[in-house]
Structures are given as C-alpha cells and as structure tokens.
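Just so you know, the sequences run in chain order C and Z. Under this note's numbering, the first residue of the first sequence is numbered 1, with each subsequent residue one higher. Under this note's numbering, the first residue of the second sequence is numbered 1, with each subsequent residue one higher.
Don't take every hint at face value.
Covered stretches of chain Z (chain C as the covering partner; in silico rule of three or more C-beta atoms under 8 angstroms from a C-beta of chain C) [unchecked claim]:
hint, stretch
1, 21-27
2, 69-75
3, 93-106
Computed footprint of chain Z on chain C, listed as stretches where at least three residues anywhere in the stretch have a Cβ under 8 angstroms from a Cβ of chain Z [stated by the list, open to error]:
hint, stretch
4, 411-421
5, 424-433
6, 490-504
Rather than coming from a laboratory, the hints here were simulated on the basis of the structure. In this text, all values refer to a predicted model and were calculated from it rather than measured experimentally. C-beta atoms are modelled at their ideal positions from N, C-alpha and C, and glycine is treated no differently.
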Amino acid sequence: MTTLTGSLRRRFLGRPTVAARAQAAVRRPELAEDPAPIDIAPNDPLLAYLQSARGPVDVQALQLDSPALAALKAADVKLAVPLVSQGELIGVLNLGPRRSEQEYSTDDRKLLDNLAAQAAPALRVGQLVRQQEAEARTRERFEQELEVARLIQQNFLPKQLPELTGWHMAAYYRPAREVGGDFYDVIPLPGDQVAFVIGDVTDKGVPAALVMAATRSALRAFAPRLIEPGAVLERANEHLCPDMPEKMFVTCFYGVLEPATGRFRFANAGHDVPYVKTADGAVELRARGMPLGLMAGMSYEQREMVLAHGDSVLLHSDGVVEAHDPQRRMFGFPRLKEAVAAYPGGADVIDLVLTDLLAHTGPGVEQEDDITMVTIQRAPGSTSRLLLDFELPSVEGNERAALDRVGAAVATLLPEARLDRLKTAVGEATMNAMEHGNSYRADVPVCVRVLTEPEAVHVQISDRGGPPSGGPTETPDLEAKLAGLQRPRGWGLFLIKNMVDESREFTEGDLHTLELSMRLGAADDEHPGGTHDD
Amino acid sequence: MTTETAAEVRRRGRVALIDLVGDVNAAAADNLDHAWAEATADGPDAVVLNFAGTGYINSTGIALIVGLLAKARAGGLPIRAFGLSPHYREIFEITRLADFLAITGDEDSAVGAAPRDADSAMGTTGGTSHG
Chain C
1 MTTLTGSLRR
11 RFLGRPTVAA
21 RAQAAVRRPE
31 LAEDPAPIDI
41 APNDPLLAYL
51 QSARGPVDVQ
61 ALQLDSPALA
71 ALKAADVKLA
81 VPLVSQGELI
91 GVLNLGPRRS
101 EQEYSTDDRK
111 LLDNLAAQAA
121 PALRVGQLVR
131 QQEAEARTRE
141 RFEQELEVAR
151 LIQQNFLPKQ
161 LPELTGWHMA
171 AYYRPAREVG
181 GDFYDVIPLP
191 GDQVAFVIGD
201 VTDKGVPAAL
211 VMAATRSALR
221 AFAPRLIEPG
231 AVLERANEHL
241 CPDMPEKMFV
251 TCFYGVLEPA
261 TGRFRFANAG
271 HDVPYVKTAD
281 GAVELRARGM
291 PLGLMAGMSY
301 EQREMVLAHG
311 DSVLLHSDGV
321 VEAHDPQRRM
331 FGFPRLKEAV
341 AAYPGGADVI
351 DLVLTDLLAH
361 TGPGVEQEDD
371 ITMVTIQRAP
381 GSTSRLLLDF
391 ELPSVEGNER
401 AALDRVGAAV
411 ATLLPEARLD
421 RLKTAVGEAT
431 MNAMEHGNSY
441 RADVPVCVRV
451 LTEPEAVHVQ
461 ISDRGGPPSG
471 GPTETPDLEA
481 KLAGLQRPRG
491 WGLFLIKNMV
501 DESREFTEGD
511 LHTLELSMRL
521 GAADDEHPGG
531 THDD
Chain Z
1 MTTETAAEVR
11 RRGRVALIDL
21 VGDVNAAAAD
31 NLDHAWAEAT
41 ADGPDAVVLN
51 FAGTGYINST
61 GIALIVGLLA
71 KARAGGLPIR
81 AFGLSPHYRE
91 IFEITRLADF
101 LAITGDEDSA
111 VGAAPRDADS
121 AMGTTGGTSH
131 G
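Based on the sequences and whatever the hints tell you, model everything.
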C-alpha cells in the first residue's frame, strides 16, 4: 500500500461557486519535505470530472486541459479518489505510487472506493463543525464590538439635564441593535446660557462611537470660549477635518439658549432641521452649513429666534423620519412636523412623537437606526400673583409661624377644612426645609412664597439644601411602626401628599423648592391626595 | 407662635386621663413621657388622651402618639381619645391612628367606653382595610 500523507483543504467562496483548493500531498518514503499544496481553481474542469467520477481516477491516464491535473501529474499522483457527500465534492484523496511500485490493483481501488464512501460524510461533518465554530467566533466578536460601541456612546451622553426655572427639558436616546452614531449634549455656558447639541455620525459601531466622542469633546472644548453657534461649528470642523476617517462625517445642530429671555441662537452642520411648536404652528429652525469633517474652511450660517412662553423645540435624529412602516414607507419630515404642530402642550412632545412613530412602524419591529430626541420647552406665560413672600430662620418651632402667616394670607380663598390641610402641609414642608435642607442652621433662612392664580393657590417653600439625596422615601405603615419595624417618625411627606391637591419639587443650584398647590373653588369635603379610602 | 405643651394627669375611677394643652410637637416629648408614666403607674383600666386643649399637632407629635400607642399595646392597655378637631380627626384617620385608638366625641364617652370597644380600639382584632 502506498503511503498517503496528503491532506486536502477546501475553501468556500460562496455557493454555488465552489473553489476547491486541494493540497495534493504525495510523499514518497524517501522524500522528507512536505509537498507543496496544489490549487484547483473553481473553473478547472478537473473539479467537474471528479464530481461525476465513479470511484478512484487514474491521474496519469486522464487527459484534460486542466492546470490542476497537470500539477497532480507533476507531483507524481497516481490515483485521485473523490470524496463526495450528498452529491457534493468535498475533497480529494490523492495517492502517490505504491511502495512496491506496482500498479494499484482492482482490490486496492475497491478498498479506496469504500474508504472514500465512509470518509466523505465524516469529513463533511468535520467541515461543518469547523465552519460553525468559525461563525460563532465571528458573531461573538461582532457582539463584543457592539457592546464596546454602546459603552462608548452611553458614556458620553449627559447623565442628567440641567433644571432651568421656567423651562422644561427632556431627552430620549435609544440605540439600534447595530449602534449608530447619534449623540446629544447639553453644555452650561457663561452668563447662564446653555448650549444644546444633537448630532449623528455616519457609519455604525465602534468607528462611529469614537468619532462621536471626538466631536463631543471638540464641541465641549470650544463652546465656553466661542459661545456663538456658527463659530463653534466652524472651529469644530477645522479640528475634526484632518483626522476624520474616509467616508465619515458628522451632522450636528448646535443652539445656545438664554433662559431669561428665550433668545435661541443656532447653527446647523447638515443635521435634520429641528421644529419649534409655536402659537402659530410648527416652525423650522433652518440654517445653512456642511456636515463636520467633510471639508476644511467651511463657515456656518447663524440664525436666531426668541422662544415665547409655551414654545417647544424638538431636536431629532434621522432615526425618527427614516423609520419605515411594514410597506417600507418612511415616517418622513411632513408627518413629524404635523406631530409637532398638533402638540397641545402639557405632557412631553417626545411621548407624542414616539406614540405616532410606533403607530407607523407597528409593534415589535426591530429599530433600524438610533433614535434621539431632545426637547426644550418654555413654560406657558404665568398669570400668577405674589401674595406673600417672607423668610424664616431655620429654628425648631418656626414652622408654626410659617403656617400661621400662610393661613392668614389665604384664609379667604379656601374653605375651612382645605385651609387646615394646606396649613398642616405648609408646617410639615417648612419643618423639612429647616431640618433636612438647612440642617437647622439659624442663619440659613427658609423662604416662603404664596402665589395665587385664578384656579389655584401655590405655596413655595425653599431651602438651600440642593437636590434631595437618598432613595425613595419609606411609606409610613402604622402597624410596622407599632411592631418596631419602622421608626415612629417619617410622617411628614406622607401628610404633605395627603393634605394638598398637588406637590412638586424643583431645584436650581442649591435652592431646593417644594411647591404645594390647592385648587380654588373645590368643595370643603373634597379629599386631596387620594391615598386613603375612608 | 409655638405654645408649650402641658400634659396633666387626672383620674376618673379606674381610668386615667391626660389633658393635653398647647402644641403636640417635638417640644412635648418630655411632658408627654412623664404624664404617661404617671398615668399608668397604678395600672389603670384605660388611658384617655384629651386633645380639646391642643391647637397644633405635627408629624413629630404624631410620632409621639405612635410611641404611646406602642407602649399601651405592649401592656395590653386600652387607649382612647377625645377633643380632636375635625381636621386632626381626619389626620388620625389617614395615618390609621384611629384604627388603634378609639376616638369619641366627648370625655364621658371616652371614660365610659365598654372594655369590648376598647379591645377593638386597641386593634387586637385588626381587620380594618385601608388603601
């Protein structure tokens, strides 16, 4: 029997074209070196011949215009045994001359034919297992890269939005499975101004995330120095251009808000045009400018508008307008503009758009691209009147003075029972402000303001404790308290919530305010809070 | 202005009464503790809290009353109350103090409440459902 040391490799270049690269390895006993592999090109007629051959093929006798055959002959291959599994040629067993230098007998050929019939399925299984392992490794690498991209992106998004009196801001960011290059940012600027950024990097995954991080850093570096949106984008473009990878660029809208006046200056580097809901409908914030990173020496048009009370700006990424319905129709700019125009105020415009978007795409559909939205809403014009404004030192017992003064100021506005409830809530809120906000430091006063509107009275109690710390407040449970499972105290917030129609907290710098509201004209027996069923 | 709390103890038969006058807040803690000790020293059948003289009860005051309730419960002692304004009666209801402390309209009712009522008022039978 001839020693066969040949191995065979196959490489798939996609079906139905199969390129087989056969390493015809024939080694005579006296030859020590490994034979060179022989490539069989996909169009080599030897492949078709072997595919249809019945049993071992006598290589030296075969006449074909085949480079592979010529190579096999040159390597002194005597027999080529096709390995066929399920009708597909998956390999070739190449045999050199027998040790005895005799010809292969009929029995040899039968034996080799049987061997090939047994070996081919086993080889096929082996090939499939290796192929699946390779695919699994590729998938794992891909998922790891996506995770890295997600981490980079989310690490560079704002952890929280600033709270500005008279303004409401919200942001929504939802990456697609193949993380895109969306980002947004809010940058505090000198003079109480705030910059808002929304952008989108072409490409996806890690490359997009890295460019996004570089863009964000550039904008953050230039924003406080240059302030003006056009100048910031121009400078960022100069900074990004030299190192921008080929075929990548960044679209970016950049706006600067003066909260006190509502003045909003903006420039746009090729990003989707934002909309503003105004009293007259939806308005577009248009300004000309090329995307960042495409070409150096660009200038960016800067424009501005004054956001009136009740106006809402919606910054958005193309994941919104380019979302498809099952018939592959895009959500589109007109529909988004209509949604903004129809926004009635009150709840967040983002929720309105998301509801409309879900109605368009249908439920359970995989999101095609990142979706990012940022809203900047100016509170409706206030018709409130300041009824009372005073300060109290943070000294234990001073809550009595607060509730007495507030009670006297609103005595004619509320029926007796509702007045008592408000007074109790004011007392508790003042105690909390003195104790938890100001740590009972007598020189740090609690500020109390009473405002009236046609429909309601509001009492604002402010301390200097900043945002409340800690997790959710424990709901007092009397049975747990009696059993020693809760401390006896802890009734303050519970009472406040149950005594007034509405309470809300807001913080500006270290000034933390709790606002208590009672509707005017409500009946005496109307229960606020609503957490009990007595 | 804050009014200092007085807590005076008197007795009617086997029932001890604590008359509260002024604000029931953190400043009342010591006086209330002393009054409770005095009221329960000779093992009364029940203790009655008289809120007729109080004008202000805050959350700390409620915590003090919770403390008294816990002591009464531990000793199996019925505890009742009267003299609450409608506003504080409402607060006693939403905090569920009213489930564990029998509230009556006047002193005679509080003193004369049947022991069975008192047991019920102690919450030993429980069962009141609140949202």
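Here is how each hint holds up against the structure:
{"no.": "1", "hint": "21-27", "result": "holds (count 4)"}
{"no.": "2", "hint": "69-75", "result": "holds (count 3)"}
{"no.": "3", "hint": "93-106", "result": "holds (count 7)"}
{"no.": "4", "hint": "411-421", "result": "holds (count 3)"}
{"no.": "5", "hint": "424-433", "result": "holds (count 4)"}
{"no.": "6", "hint": "490-504", "result": "holds (count 6)"}
Comparing the model with each earlier hint shows no violations; every hint is respected.
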